[in-house]
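Novice: With the sequences and hints as input, model every part of the structure.
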Amino acid sequence: MKKKSLGTKLTAAPYLVWSAIFIIVPLIFVLVYSVTDSQGNFTLQYILDIGKYKDVMLNSIWLGFIATVISLVISYPLAYIMARTTANVQRTMMILVMLPMWMNLLIRTYSMMIILQDTGIINTALEAIGLGKVHMINTEAAVVLGMVYNYIPYMILPLYSIMSKMDHNLIEAAEDLGANKFTVLKNIVLPLSLPGIASGFTMVFVPSVSTFYISKKLGGNTFSLIGDVIEMQFKSANNYNLGAALSLVLMVLIIICMMVMNRFTGEDDDGGVLI
Amino acid sequence: MGDNVIIRLQDISKKFEDEVILDKINLSIKDKEFMTFLGPSGCGKTTTLRIIAGFLEADSGQVIFEGKDINNVPPHKRQVNTIFQRYALFPHLNVYENIAFGLRIKKMKEKDISRKVHEMLELVNLKGFQKRNIASLSGGQQQRVAIARALAVEPRVLLLDEPLGALDLKLRKDMQVELKNIQKRMGITFIYVTHDQQEALSMSDTVVVMNGGKIQQIGTPIDIYNEPKNAFVADFIGESNILDGVMLDDFKAKFSGAVFQCLDKGFAVNESVDIVVRPEDVDVVPVSEGTISGIITSNTFKGVHFEMIVDIDNFKWMIQTTDYYPVGTRIGIQIEPDAIHVMKKSEYSGMFGDYSSFSDELERLSDVEQEEE
Amino acid sequence: MKTKMTPLSKFYVALIMIFLYAPIVVMIIFSFNASASTSVISGFSLRWYESLLQDEGTMKALTNTLILAVSSSFIATVMGTAASVGINTFRNKRIKQLTMGVTNIPMMNPEIVTGISMMLLFIFCANLIGKKDALGFGTMLIAHITFNLPYVILSVLPKLRQLDKYLPEAAMDLGCTPVQAFFKVILPSISTGILSGLMMSFTLSLDDFVISYFTQGPSFETLPIRIFSMTKKRVTPDMYALSTLIFITILVLLVLLNVAQARGDKKMSNKLNKGGKK
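Line by line, the protein sequences are chains A, B and C.
Residue numbering for the first sequence is 1 to 275, as defined by my numbering.
Residue numbering for the second sequence is 1 to 373, as defined by my numbering.
Residue numbering for the third sequence is 1 to 278, as defined by my numbering.
Please keep in mind that the hints were generated in silico from the structure rather than gathered at the bench.
Don't take each hint at face value.
[To be verified] Straight-line alpha carbon distances no greater than 27 angstroms define the calculated BS3-like cross-link-like pairs of lysine-lysine that follow:
| id | chain 1 | residue 1 | chain 2 | residue 2 |
| --- | --- | --- | --- | --- |
| 1 | B | K131 | C | K184 |
| 2 | B | K316 | B | K254 |
| 3 | C | K184 | A | K165 |
Specialist: Listed below in structure tokens is the structure:
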């Protein structure tokens, strides 16, 4: 029996080796690069340089945060409606929500750009009815809109998943005990959906903060997020060490945010919220 | 029932992380016998079964199958098959394919497989079910498929691990009869594990009562009931009043402040013993005619009889009668010599057999705990 | 209690759906535009689809993307399924938590960090063996396998946990060797989890841009990378045509997947019934 289970355990070995080499080691590389210079000597210069990018960093987190909150506010009622409707409608709506998610991010963002641009359909329509153009592209608002548009399915799905599992009897029991609709929402639905909120929050916040394509297309050249700065170090400036240092800080910031979030979710080892 | 031994367990011991689960189990199982391991949860009965099946290896001791040591034979090469607690039917296969599974492994011809599967379906009364999905079957039907699947490969010994535990009471009783019939018809050895004493008594040829990793008693159901070896067995099997007593001489026992005639002998003079009196064996008589007397503290109607708790000399007895006596009545008690069973003192003395804290509800609660285990 | 939606709910749902689909609809409409404009519709035409099909670079990128998606999702599914079987037998809680923690990293880490971290490793290794242009199919394959693995494990592992733990024993009891028990009983029982892991890996790999972007080389261009370089300049509507085709493909795939999942069990039992009869 012992021998048998040892044999079974060994089937995990290739994966364990793989994840050590291609998950752990690369992260060590990020760490090493961020505290060495291009000659490989130890230096804290790049870590200290990050101060220069404080504003970009804070702006990224701020915009990511706004996008996440907007997503949450929009998604919450939708998820609630979805969870309460008939099974067939639920399934159809799931597909409808997921479908854009499987579309390429670049394409989606590019279409958004087309819609928002000065000669795009919104402005064409506004002009046609005599309201005049509104400049939308290359603003922070456009970037936030792009983030919300691209990542909102990641908010809807975990919220929906947790609300559909919620026992409806609880709501009826609360109403039975004299709670009004608002009290039910505040005292029953909201606390029970916290894990869904937390996981939706991370799933929107992390890619929003670290994006570089959305800001490039919708924010224009005058505007950059932390993702753009990192991308630049690796793709044009060739300053890997600074790029690594920035990535390290980004990672640490996100880990802190996730730890705060995980206090709501408690145990977190099923990926059930993904789909 | 043949007399030749098919499986012998020799000094089987097993520990899980320093906890002794089995402590030197010795046992002979005869061919074509219906043997039951009976005991509370955690007594080691399932572990013993899994060692026989080959899913567990004993730390020491030997499993001997028809004279050959099979310690190192893997489960798939042993001539024993198992009915698992929750049946372990293969969810991706239908009824037919579940039953045919073992036969396909044996690479039997398709024609023979078909014949065998139909024979088995008939045996367990599931004709016409071959195409059904496992998930669409009721618990009782799944149980039957599990039996058919195990019997299809023609094992010499069938191991059944609490097979009826998940069924409701009525179905359980029907299946008990049916299992017993199947065993007789197939003429193979059944080793059955249960914590339900009624089940053990009504089905088995031999009952092995286990507790704390040790065998407490081996015997026929009648022996086990009438001649329990110690207070544990007496308490676990049926209801018993277990009293402290002294053997004054052969055939003469003293307990509850009186001397009774009994059928037991061979104890030392004035030896301390445990006395067992079954509740149904107590005769209620007018106080003047009783050897001893007591006051009824509670009385519950059970259908066939009344079940009274009677305080005799500060010891709470359980007594069953068909006549009604109101609570508070003083009644006389008489006990026939053959209703008294004398046991040597054991580690279990004084632990069981007093009904002072007895209530139906508590009994039920402890049953639930056992089943949840 | 499952109810029909109120008019207010319907209106709300409709608004969100418009938000989600407006850019996609715009893109589909302009893919059939007769002119190259992205604001004025001047007539229906299939010219952008024609020019797309004649664009060798795009077709090559499409082939590359499919090769990469098929190979990385297949390898990740095999490795991930084996890993799940092993992880499922881990008894030590610490080791289990550590393994699952590492598994979660590629899912939770920002993609850009995963991308650059692997890029650093690859470039370091390339310098070690003195090769200049090491980035290409190989490095992308490794990267894609790596980010696919967690999704496979997270869809297979729960299926294994749900299985009756006595199933393998039951199979061995009926004469299977441990290896036979795995292939005849365990594997078919978790097949839905394996399939959904495979599908998820495949679509993720098909769709990935960020990680590919950092681990790619000029020798191997995938579709998302090509789209990226196309959107750097002002784009001609053949990219809309391409996107429309991708959208329709994904739509079909998703619907098929859903239907397959719904009918999975039924189909399987039907097939086996036939097997039993023959």
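Novice: So, for every hint listed, does it hold in this structure?
Specialist: Status of each hint after checking the structure:
In summary, the hint linking K131 of chain B to K184 of chain C is supported, as the alpha carbons are separated by about 19 angstroms, within the 27 angstroms threshold. Proposed proximity of K316 of chain B and K254 of chain B is supported: the alpha carbons are some 17 angstroms apart, at most 27 angstroms. Proximity of K184 of chain C to K165 of chain A is assessed by CA-CA distance (about 33 angstroms); at most 27 angstroms being required, the pair is judged violated.
In this structure, only the earlier hint numbered 3 is contradicted, and the remaining ones agree with it.
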